[in-house]
Amino acid sequence: MKSIADQVAIIGMGCTKFGENWDQSADDMILEACSEAFADARVRPEQIEAAWVGTLTSGVSGQTLSRPLKLQYIPVTRVENMCATGQDALRNAAFAVAAGVYDLVLVAGFEKLKDSGLSGLPGAASSVIGAGNTAPGGFALAANRYFHDYGIGKETLAKIAVKNHYNGARNPKAHFQKEISLEQAMRAPMIASPLGLFDCCPTTDGAAAAIITRRELAEQSGHRFVTIKGMGLAVGPGTGRIDESFSFTAFPETQKAAQQAYEQAGITDPRHQISMAEVHDCFTITELIIYEDLGFCAPGTAAKDVDSGTFSLQGELPVNTDGGLKSFGHPIGASGLRMLYECYNQLTCRAGRRQVPNPKLALAHNLGGNPGSFTCSVIIVGSPN
Amino acid sequence: MAGIVSHGGYVPRYRLSSEIIAAAWGERAAPGCRAVANADEDSLTLATEAALDALLMREGGDAQFGSTVDTLIFASTTSPYLEKQTSATIAWSCDLRRDIRTYDIANSLRAGTQAVLTGLDSIAAGSARQVVVTSADLRNSAPKSTAETSFGDGAGALLLGKDKVIAELVSVYSMADEITDSWRGSSDPFARSWEERFAQTKGYLSVVPEAIRAALAKAKISPKEIDRVVGNGPDGRALASAAKAAGLDPAKVVDHLFGSVGNTGTSAPLLVLSHTLESASAGERILLFSYGNGADVLLFEVTPEIERYRQAKSRGVSYYMMRAAPMKSYEQFMKFRNLISTEGARRDPPSASAVQMWRDRDTIYRLYGMKCKACGALQYPPQRLCYKCRAADQGEPVRFSDKRSTLFTFTLDYLNADIDPPSVMSVINFEGGGRMYCMMTDRDPEKVAIGMPLEMTFRKIYEAGGFKNYYWKCRPFD
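Here the protein sequences line up with chains A and B, keeping their order. First residue of the first sequence? That's 1 in the working numbering, and the numbers climb one at a time after it. First residue of the second sequence? That's 1001 in the working numbering, and the numbers climb one at a time after it.
Bear in mind the hints are in silico, worked out from the structure with no lab data behind them. No residue lacks a Cβ here, since even glycine has one placed at the ideal position from N, Cα and C. Incorrect hints may appear among the rest.
Below are the DSS-like pairs computed for lysine-lysine, each with C-alpha atoms no more than 25 Å apart in a straight line [what the hints assert, rightly or not]:
(1) K17/A <-> K256/A
(2) K154/A <-> K17/A
(3) K1162/B <-> K1335/B
(4) K256/A <-> K1328/B
(5) K1447/B <-> K154/A
(6) K1162/B <-> K1218/B
If we take Cβ atoms under 8 Å as the criterion, some of the chain A residues that face chain B in the derived model are [as the list claims (entries may be wrong)]:
(7) L31
(8) S35
(9) V128
(10) G137
(11) R145
(12) G151
(13) G236
(14) T239
(15) I242
Footprint (simulated), chain A over chain B, 3 or more residues, beta carbon under 8 Å [to be verified]:
(16) 1194 to 1205
(17) 1425 to 1435
Just chain B, same shape as in the assembly (with noise of 0.2 Å):
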């Protein structure tokens, strides 16, 4: 039976507190904090993050997983594109094979499981050997609206399979409905919602309890047998509400992360899933939903596989959640989300021409390098002569991106344009061979040291040439 494999989770380092939010609009505040993403991430690198972790390419050597997946989809409402597929560019940062399907579902919090689902059905219809279904939101909110605190930044990831499967899908029920309850246009710049009490009453509290019923009664398994409780939506007490009208039990309704991590969107049931599942234990029943113009619900049983699985992963949304650092200011935050305007750089961005990227897609995306096969010199990016026996086209592909590395040198640059300066130019040294120069983030520019350990993240390095050009930085690694 179908079912999960691996599931993965990332957080971004940012930290922003409700303090400092209603400090800035002068108001009462509220204790916690919500997740931020770093100024060169979006809903692609975080994707891309959480099925690095998914595939357990952070665990040190090959990817585990990669070569048999034969789908990836992306699930998201704020992909960087309107018409670009996301998916694809993930295929790439993860080092996909190229004959795999790729797909973007979007529109909707609730895409998150209706790619699970398809990514199920795919494996059902033999169509599919693996499925990673990546999900990641970046969402906007007005300044000064509750929005503001209870949104958070992150990404979650389910590797979907036949074989080693460590939660086995039970049962499935979904169900659409119309109605206007939240939205987005295309030019808003952030989602509006007709009249809470409406939204609701009519919306998410009596749709998501029809669809667990719905599930539950299909399945044959009664409420109490049901041991967690994984969903989305606006804030902790109606996702208890929904649970309680369903005929579950709140308390089986796991920590959402609402008060560390915030309401991640269409992330939400596959990261919450994720966290969930890195203290699961064999037997256990865990009941998925989410909900958007309808609900999607997935049981789902945990196996004795899971153990086998927790030996060979060392990273998920706990661990990125121990990384958090606080961000410093109200201000940084809205420079961040590109919600105020400053001192523009004296200098134009750089140009970049699609030509190169696409000619150097391999290099740039997924970060492959070479091994003279003459001399067995690595070195990054590819030569044509061999930097060091000048042998001519002996370089095998070698790809950097799961490669740990020490810093060699680095400057704290202020002159180059940044978003958030200085930028940390760095000068790295790969374990097992090879250097790169390259860009540091997520780091304290004051704990930046010659011999620091690194590893390599998916990053926006900026907008030029009309388009978003993605590149790989390395980042404290601890």
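For reference, chain A alone in the conformation it holds in the complex (with noise of 0.2 Å):
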């Protein structure tokens, strides 16, 4: 297998608020990210010679993006894949810039979650086999198998939401821009046990875009620009409620997709090659199983880390540096590129108070489905080469 190291270059990105855009339709949303992308890349939208548009379910069809930008018959691809879609249309696009088939590609994800006057996600079971599932649910029975086999308890994965909240709150973006003390995350209503609403990411309208092109036009362009230093993509057979074996306290999905990104990477230390990661913390059990699967920590021990502080803004290995789905949002289509903004803007140096010192290589982590049945992307990007 050839690897994508440092083929593809990013070299404009955009990102609304996330939030409860009320006064915002996702055309809204899509041209202002869009537009920001444009320009951030100093590009026109008439050279965009192709584009992916990612979203779970605020549309259908390659139209949705060509409507609001008034693209003119180039090829536009709708991309699906749970809540790891934005990442899966930036991996298509990648592919196709690598190939050399387009020079310049548009990638955008977004999601118009609060018009359906509900909390959470929309679609429900339509067989009684599996029914009663919910978000939350699901991860929660990760949250209570990985207590009992670790003898840890609510008050880590409160930490995760503090440290979220903390970073939010330096993130004129995020949809809440609030610190939270850990009695406040200990002590709030409980949604699905051991989880309460302080481990829950929010229901968040948001649209994100990145502008792509290869390596060589960059470098020519003379434009700040990261590369993509590895892209992996793990769908897992989704048998985790069938299959005894399965622990329900790792997720192999991220393991997979990890291992296949860090190969193209050359990465083989995680800890300590990896500047600053943002990783989907959609609940913040979810968060402390991703330190172990993605190599940060060995299996069982991230509390430690927690407790010590390793992930927060100022320690060895920051994560979620942004606020994370916990702080910034979860419009679905729009997260992976969201994850993949903060990480182009910490590593050519704008991401303001919440700037890692130096950073030269960043993990963005998309992970769609429920324990037992995951679809993962993780894609590292750096400083060029």
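Need the complex rebuilt from these two chains, each delivered in its own frame; the hints are there to steer you.
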């Protein structure tokens, strides 16, 4: 297999304010995020040769992107891969660029969730088999088993929520820009035990976009840019709720996607080689398990690193410096690109109050599904070699 | 001679005390309580439980009788549908053969004994080797009515046959009677009745004694030769009066569970008979009667076979009565019975596809998973490709409904729309292999813990797509 490392450059990115964007339609948000990306990359929309757009349920077909941007008869593909949709859109676009088919490609991701009048995601079981499943309920299954196997409790999870709110409070585009106390997180109303309100990410509107090109073209342009070092995507067989050997405390999809990306990027010691990471903290327990699945620490030991602040903004390996899904919000199709937006800003030293000193490699981890049945993307970006 | 081969009963877990009902209306409480079905139970699921008990499917291992059952009859005045057969669904949930006869007998509290008579006639005629009769009722009563306290939910079942009979049929007598003493129209939420004095004098207390006397005369048995009397009736006093008027010793009327389970309607004769047979000994004569626009009287004599049978049986009415747990409030009862409207779920209930339910009917109603012939892995639901060795189409059906399991992990989910939150979502590992994700019912949320032992129970999941959706849940087994 050929490595994609350093072939594709991200030359511009955009992201709306995430939140309950009552006064913005999906089209408004797409236009806003893409306009920022165009300006950042210093390209005009008519220069785009092809586009990929990711959304879970807020639109169908490439026309969800061509209509608001008035794209003129170019190829536009809609991508959907659960909550990993945003990164998979970028992944497909990056391959097209690496193949040399297109020089300038737009990737966008968005979700308009707050028009439904509901909290959480739309869609429901169509069969009694699996009836009663909710997103927090699915991840709570992992939390209770993790607590049972490793003897930790809610406080570890609360510390992750506190950290992500601390980071989000330093981010003007985050859904929640307010710090919370450990006590607040611990005493929040129960959603699906042991997960309380502050263990869950919110339901959010938002859009994000990226402009990518071949690395040589980026170099010629004289722009600042980052390159893609590795991309992994692992789609599981979905057997965790059938297979008695599935532990619920480690997610093989994350491990496999990371393995693919690490190999391409030449990473053998992720904890020390990666400067910062944006991971899919849909629930606090997810972030805890991700630390272990990405190889940042050994299985069952993540709580120790949480206690010692390893993953805080000032820590050894800052995670979710922009507030993560917990604080930045989670408009499904946009989230994967929002993570890369933070990585890109950190690597180009534009992260303001959240700037990590001198980052070289950044990891973005995007996860869809529920424990036992995941789709996972890991993308590593860095300063060009 | 045809008779009873096995008996079963089921009483739901919750008990609502008369005290709580009285407190709701500012009245003085009488002692006792009544059984209340869980929010996910109805007469179909109650009848399934009683039938599973009669088929000894709870006793571990294979059903002991399932393969020779040629007929299943469901008796109730509260069938979930006015048009759609409940007995066919129960045949599926009890994993009976497909080439059997199924009947619903309805519209009278006498339906239970009429189902028994129909079953015994089929056996005598040679058209059935064995017949399951299962009766259940879940009758609503008007708030603040006497019935609210006196009614109870439950189910009783009998397995009828010719071999290994534990109680032989000695004689039967039936009569019809035209009277409008109690009735419920299709738009009536609760049963109505004419003045109690009239209903009892000219109805129950007149017809029941007449039928019993005729039955005894027909069988040439004197009232003194009857050891136990089982029947139905509005209360214990009426039952004793009817027995006395028929020349029977009122002391022979067995405990009809009025203060502990309640008047279970159509279920009462078979539920109380099942409870009685738990302690009956060989040679005893049991008179079973039921009333409702006429009366049926059946005389049984217990055989020595009952001793061997008792060794094989571990469940029954007493077992389920021991599992009783108090219902917390009158409001919870009202909510379970859909008698008050509470704030609705923000989300519409999920839509169900009748096509999908039909295609997966063995997976859903029989709880069939599979065993991979290539690697031996048990799995639910069945897969085209084995999850373990990926062999294609090597699955042979395995029934999981009678398997026990332990809780691997769980959550108490307050987000899912549930009449009785939280939804206890469970990942369970079956004894002998296989894993399932399902809801837990009949549980105390605070007592749910990883590793707890569980068994399966057939319940209503929700009503969606314009029809009721039934499926299996797990429940604590202790």
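Each hint, compared with the structure:
no.: 1; hint: K17/A <-> K256/A; verdict: violated, 32 Å
no.: 2; hint: K154/A <-> K17/A; verdict: violated, 30 Å
no.: 3; hint: K1162/B <-> K1335/B; verdict: violated, 45 Å
no.: 4; hint: K256/A <-> K1328/B; verdict: violated, 49 Å
no.: 5; hint: K1447/B <-> K154/A; verdict: holds, 18 Å
no.: 6; hint: K1162/B <-> K1218/B; verdict: holds, 22 Å
no.: 7; hint: L31; verdict: violated, 30 Å
no.: 8; hint: S35; verdict: violated, 35 Å
no.: 9; hint: V128; verdict: holds, 4 Å
no.: 10; hint: G137; verdict: holds, 4 Å
no.: 11; hint: R145; verdict: holds, 4 Å
no.: 12; hint: G151; verdict: violated, 13 Å
no.: 13; hint: G236; verdict: violated, 11 Å
no.: 14; hint: T239; verdict: holds, 4 Å
no.: 15; hint: I242; verdict: holds, 5 Å
no.: 16; hint: 1194 to 1205; verdict: violated (count 0)
no.: 17; hint: 1425 to 1435; verdict: holds (count 6)
Going through the hint list in order, the structure does not satisfy hints 1, 2, 3, 4, 7, 8, 12, 13, 16.
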